[in-house]
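Asker: Letter by letter, the chains look like this.
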Amino acid sequence: MTTVDNVIIESDLIFPGLNLKTKEEVISLLGEKLKEKGYVKEDFIEGVLKREEVFPTGLPFEIPVALPHTDAKYCNKTAFSIATLETPVKFKEMGNPEKELDVKMVILLVLNEPESQVKWLQRLIKILQNTAFLKRLLSCKNPDKIVELFQKELS
Amino acid sequence: MEKKRILVVCGTGIATSTVVAKNIEEKLKEKGFSVETRQCKATEIKNNLDGVDLIVTTTNLSGDFGIPVIRSLAFLTGIGEEEAIEEIANKLKES
Chain A
95 MTTVDNVIIE SDLIFPGLNL KTKEEVISLL GEKLKEKGYV KEDFIEGVLK REEVFPTGLP
155 FEIPVALPHT DAKYCNKTAF SIATLETPVK FKEMGNPEKE LDVKMVILLV LNEPESQVKW
215 LQRLIKILQN TAFLKRLLSC KNPDKIVELF QKELS
Chain B
371 MEKKRILVVC GTGIATSTVV AKNIEEKLKE KGFSVETRQC KATEIKNNLD GVDLIVTTTN
431 LSGDFGIPVI RSLAFLTGIG EEEAIEEIAN KLKES
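Protein sequence lines correspond, in order, to chains A and B.
All residue numbers for the first sequence refer to our numbering, where the first residue is 95 and numbers rise by one.
All residue numbers for the second sequence refer to our numbering, where the first residue is 371 and numbers rise by one.
Quick caveat, the hints were computed from the structure, so don't treat them as lab data.
Please note that the accuracy of each hint is not assured.
Straight line, CA to CA, 25 Å or less: simulated BS3-like cross-link-like pairs of lysine-lysine [unchecked claim]: (1) K397(B) <-> K220(A); (2) K167(A) <-> K411(B); (3) K411(B) <-> K171(A); (4) K213(A) <-> K373(B); (5) K213(A) <-> K399(B); (6) K171(A) <-> K392(B); (7) K401(B) <-> K213(A).
What you are looking at is a predicted structure, and each value in this text was computed from that prediction instead of being measured.
Let the sequences and hints guide you as you build the complete structure.
Answerer: Laid out in structure tokens, this is it:
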């Protein structure tokens, strides 16, 4: 396990090239692993899915990305889990629920101390604006390599 | 110029609003504004309006809050950021 600014990133939490049909399937797969590791509480997945319905997190970057997350009370650690999607999955756009985006990457955020993670979140958003970096990530199928790419960009 | 207060709103009041708030603060300071940002959940706006000049939100809000509301994803995606900051600056000058 490695951390950047106390945020956990590890290859167990990276799922490259998934072929799933719905956002529920993606969030559940990532969430189960986080539960198994003890990073989140028992009802984390329900919390994320419920929030996603009311406040969707699809973001229209040049390559659409979704950043599902939920309240700190469901989280034990600060971490993030990443899925890249071979088949894009529909997420509603943040603030614009009539619009659906074909999302190619899902970053599930586990934030138990968001106030102390401002800088890190800012950097994460910045690197998602970098289309060349996103393309490199999407073509990478090796979880260790993806961890390395993120570590380099985030620190 | 007197200090302006901006309320930044998102679904949970923790992740995206944090990033948007920092980003707006930095960009407005570069333009010579003195600003203070505050964040909250979409459901808690009414309790956080005291002294606020403007609302910036990443989520859909309904209702009239008596101050300008700007909905934008530009501070997350980087697309149209310059235009969005101009719009905020103009509204603040009027307020």
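Asker: It remains to establish, for every hint, whether it holds in the given structure.
Answerer: Checked hints:
1. K397(B) <-> K220(A): Given that 25 Å is the threshold and the Cα spacing comes to 15 Å, the pair holds.
2. K167(A) <-> K411(B): 15 Å, holds
3. K411(B) <-> K171(A): Holds: K411(B) and K171(A) sit about 22 Å apart, inside 25 Å.
4. K213(A) <-> K373(B): At roughly 24 Å apart (the allowed maximum being 25 Å), K373(B) and K213(A) satisfy the hint.
5. K213(A) <-> K399(B): 18 Å, holds
6. K171(A) <-> K392(B): 23 Å, holds
7. K401(B) <-> K213(A): Measuring from Cα to Cα gives roughly 21 Å; hence the hint holds.
When each numbered hint is compared with the structure, no violation occurs for any of them.
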